[in-house]
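Peer 1: Based on the provided sequences and hints, a complete structural model is requested.
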Amino acid sequence: MRKIVFGFLMVGFLLLMVSPLWAEVKFSSSLSDYPNISGLERSMILNELREAAKLGIDEYELDNLIKLAKRRKISPLGFKDIISVIAQAAKLHLYPDFLLSKAKEGLLKRVREDVLVDVLEKRLGYLRTSKIIIDSLGVRLDESDKRDLIFAILQNLENELSEDVITSLINYSFSKKVSLEDVKLVLETISSLPPLDISDEAILK
670 MRKIVFGFLM VGFLLLMVSP LWAEVKFSSS LSDYPNISGL ERSMILNELR EAAKLGIDEY
730 ELDNLIKLAK RRKISPLGFK DIISVIAQAA KLHLYPDFLL SKAKEGLLKR VREDVLVDVL
790 EKRLGYLRTS KIIIDSLGVR LDESDKRDLI FAILQNLENE LSEDVITSLI NYSFSKKVSL
850 EDVKLVLETI SSLPPLDISD EAILK
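In the working numbering, the protein residues as written are 670 to 874.
If you are wondering where the hints come from, they were derived from the structure by calculation, not from laboratory data. Warning: the hint list may mix true and false statements.
[To be verified] Cβ-Cβ distance ranges computed for the label pairs, FRET-style: (1) S707 to N840: 18 to 26 Å; (2) K846 to R781: 46 to 54 Å; (3) N716 to S831: 31 to 39 Å.
Even glycine gets a Cβ: it sits at the ideal position worked out from N, Cα and C.
Peer 2: Written as structure tokens, this is what we have:
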């Protein structure tokens with residue numbers, strides 16, 4: 670029995686060792702024919718990919734992003750910047766999967782690389798602000814509710830509603846014992862309005 674348990678432990682350990690190695694080999698292979706890439710740029714991108722994978726971002730998804738960037742002829746430094754923003758989100762525990770999906774979406778739509786990097790950086794900033802707002806509320810939320818609320822806030826930040834107004838609105842709602850579902854519904858409704866149809870004063874009223 671002990672031998673069987675030991676065997677399972679060894680297999681698990683080997684899988685943990687092989688997984689990063691597989692990712693490194695796979696990334697290197699996919700980057701080998703990246704257009705106009707220098708040795709230094711390749712090394713820089715590999716470092717970003719390695720860091721992203723260590724932080725828990727799916728290696729297959731990262732590898733698919735490399736292939737998509739190659740097809741869209743994204744410059745090596747532009748691709749490095751894209752991966753860097755995603756890895757930064759992972760370091761901050763701010764839903765890198767969301768930014769990864771936005772990066773794919775942008776590449777598929779042939780968004781210019783500098784514009785795409787700017788969009789990803791803005792989204793990361795909105796995620797950071799959304800988390801700060803939630804942390805300031807002093808309300809305990811499970812991970813699912815927290816994610817839903819963060820993205821409801823993010824939509825309003827994208828719609829140019831100010832951080833102070835969003836915080837005041839949520840605080841007021843919770844003080845009136847409004848349910849979390851209704852708070853999310855209010856935020857989603859506000860975010861669906863065109864920016865010109867809303868103002869900070871109107872929302873607070």
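Peer 1: Would you list, in rising numerical order, the hints stated earlier that this structure does not obey?
Peer 2: 1
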